[in-house]
Amino acid sequence: MVGKYKIDEHLPVEVADLFRALGADAMTIHEQEMSGFSDEAFSEVCKTEGRAIVTLDIGFTNIIRYPPQNYGGIVVLRLKKQDKMSVLAVFERHVSTIIEALAPGELWIIEENRIRVR
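Letter by letter, the sequence shown follows residues -13 to 104 in the numbering used here.
Just so you know, these hints were derived from the structure itself, not from any lab. It is possible that part of the hints are untrue.
Claimed, not checked - For each label pair, taking beta carbons as the anchor points, the in silico distance ranges come out as:
#1 His(-4) - Glu30: 14 to 24 Å
#2 Glu0 - Ile50: 27 to 37 Å
#3 Ile50 - Ala7: 27 to 37 Å
#4 Thr34 - Lys67: 16 to 26 Å
What the hints assert, rightly or not - Okay, derived cross-link-like pairs now, SDA-like style, lysine to any residue, Cα gap no bigger than 20 Å in a straight line:
#5 Lys(-10) - Gly36
#6 Lys(-10) - Thr34
#7 Lys67 - Thr47
Note that the structure is predicted; figures quoted are calculated from it, not measured. Even glycine gets a Cβ: it sits at the ideal position worked out from N, Cα and C.
Between the sequences and the hints, there should be enough to build the whole structure, so can you do that?
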């Protein structure tokens, strides 16, 4: 299920390239000149565009504030190490699974060695 994804500003821009290499429509905050937008504004743009949110911001795991059913999906990385190399390594392992299996309305929390779906 190839979808549309919005890559948050705290993730390396190369994350979008990993999605694009597999045929997904991925846009970064930087490409759309949205750096500095509030989480609420960012989420509204994602909702309007029908894009899944891809972020390190654990605030998006709050299903009361950001009900997953309102979005094309939410993917939150929850990593012990959040440096560029660690983040890219996790995405290299899981990007194909995200593209193939993330359904609209799902919240995925990706950790180093597992994916939790809510």
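Can you tell me whether the CB distance of Glu0 to Ile50 sits inside 27 to 37 Å?
Because 32 Å falls inside the window, the suggested range holds.
Is Lys(-10) close enough to Thr34, meaning Cα to Cα at most 20 Å?
12 Å, holds
Restraint check for Lys67 with Thr47, where alpha carbons must lie at most 20 Å apart:
19 Å, holds
Satisfaction of the hinted span 27 to 37 Å by the C-beta atoms belonging to Ile50 and Ala7:
For Ala7 against Ile50, whose Cβ atoms are near 35 Å apart, the range 27 to 37 Å holds.
Please check whether Thr34 and Lys67 have a Cβ separation lying inside 16 to 26 Å.
Check failed, 33 Å falls outside 16 to 26 Å.
Could you check the hint for me, namely that His(-4) and Glu30 are 14 to 24 Å apart, CB to CB?
18 Å, holds
Please work out if Lys(-10) and Gly36 have their alpha carbons no farther apart than 20 Å.
Holds, at roughly 7 Å.
Of the numbered hints listed earlier, the single one contradicted by the structure is hint 4.
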